[in-house]
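Spelled out, the chains give:
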Amino acid sequence: GAVVSQHPSWVICKSGTSVKIECRSLDFQATTMFWYRQFPKQSLMLMATSNEGSKATYEQGVEKDKFLINHASLTLSTLTVTSAHPEDSSFYICSATLTGGLETQYFGPGTRLLVL
Amino acid sequence: AQSVTQLDSHVSVSEGTPVLLRCNYSSSYSPSLFWYVQHPNKGLQLLLKYTSAATLVKGINGFEAEFKKSETSFHLTKPSAHMSDAAEYFCVVSDQRNDKIIFGKGTRLHILP
Numbered sequence: 001g002a003v004v005s006q007h008p009s010w011v012i013c014k015s016g017t018s019v020k021i022e023c024r025s026l027d028f029q030a031t032t033m034f035w036y037r038q039f040p041k042q043s044l045m046l047m048a049t050s051n052e053g054s055k056a057t058y059e060q061g062v063e064k065d066k067f068l069i070n071h072a073s074l075t076l077s078t079l080t081v082t083s084a085h086p087e088d089s090s091f092y093i094c095s096a097t098l099t100g101g102l103e104t105q106y107f108g109p110g111t112r113l114l115v116l
Numbered sequence: 001a002q003s004v005t006q007l008d009s010h011v012s013v014s015e016g017t018p019v020l021l022r023c024n025y026s027s028s029y030s031p032s033l034f035w036y037v038q039h040p041n042k043g044l045q046l047l048l049k050y051t052s053a054a055t056l057v058k059g060i061n062g063f064e065a066e067f068k069k070s071e072t073s074f075h076l077t078k079p080s081a082h083m084s085d086a087a088e089y090f091c092v093v094s095d096q097r098n099d100k101i102i103f104g105k106g107t108r109l110h111i112l113p
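If you read the protein sequences in the order shown, they are chains A and B. My numbering numbers the first residue of the first sequence as 1 and each following residue consecutively. My numbering numbers the first residue of the second sequence as 1 and each following residue consecutively.
Keep in mind that a hint or two might mislead.
[Claimed, not checked] Cβ pair distances, simulated, as ranges:
1. G53(A) / P18(B): 47 to 57 angstroms
2. A54(B) / L114(A): 40 to 50 angstroms
3. A2(A) / S3(B): 21 to 31 angstroms
4. E64(B) / T57(A): 30 to 40 angstroms
5. L98(A) / S52(B): 16 to 26 angstroms
6. S15(A) / G62(B): 41 to 51 angstroms
7. A54(B) / L116(A): 46 to 56 angstroms
8. S28(B) / K14(A): 42 to 52 angstroms
9. K14(A) / T77(B): 39 to 49 angstroms
10. Q29(A) / K42(B): 19 to 29 angstroms
It is worth saying that the hints were derived from the structure and are not from the lab. All values reported here derive from a predicted model rather than from experimental measurement. No residue lacks a Cβ here, since even glycine has one placed at the ideal position from N, Cα and C.
With the sequences and hints as input, model every part of the structure.
Given below as structure tokens:
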């Protein structure tokens, strides 16, 4: 089946620094990738939808200048948490879809971010 | 507006006994419904999905779910639990008209030996 990877799997950083998370579709070309955030014991919250070669579409309440998304190729999307603060600590999950729709998403294993 | 409610945050069953994970939804339009499983340190895996075809949907690993419009439910079941079923399960609703996707808060399934 389709495989999506994320790198790094976990990261610890100091407050004020920026962190980049990569999401790759390993064996298929993903027209659309999604970025989610998951708080402990809570559900996944969609942050943004990213289409290759165009600007990401952010969900209401998500700061686009804080969470920079780049989708430069059909197999790679990156999420950069700029000037990270402790409240940005969370589990970030990406997913990729072959068809561009929501119906069949393949999820990455997630990236645990801890901001000190 | 869409919403999805997973009625139990934790469910414990003995190995070999039936599993029932409950999910209720609300949607203004015809929804698509999904169940995903999340094992520790692994990506979410699609178990099954309902997209307005047969109301009883069979998925992987022996799971199935029944779409009941009158009850606005999409409960996940399995006749006999296995130790490897221990994981977090998410019910998800997607509105086909506005492409919004909503995850439930998840149900942690514990399997007792």
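Quick rundown of the hints versus the structure:
| no. | hint | result |
| --- | --- | --- |
| 1 | G53(A) / P18(B): 47 to 57 angstroms | holds, 48 angstroms |
| 2 | A54(B) / L114(A): 40 to 50 angstroms | holds, 44 angstroms |
| 3 | A2(A) / S3(B): 21 to 31 angstroms | holds, 29 angstroms |
| 4 | E64(B) / T57(A): 30 to 40 angstroms | holds, 34 angstroms |
| 5 | L98(A) / S52(B): 16 to 26 angstroms | holds, 21 angstroms |
| 6 | S15(A) / G62(B): 41 to 51 angstroms | holds, 46 angstroms |
| 7 | A54(B) / L116(A): 46 to 56 angstroms | holds, 51 angstroms |
| 8 | S28(B) / K14(A): 42 to 52 angstroms | holds, 45 angstroms |
| 9 | K14(A) / T77(B): 39 to 49 angstroms | holds, 47 angstroms |
| 10 | Q29(A) / K42(B): 19 to 29 angstroms | holds, 23 angstroms |
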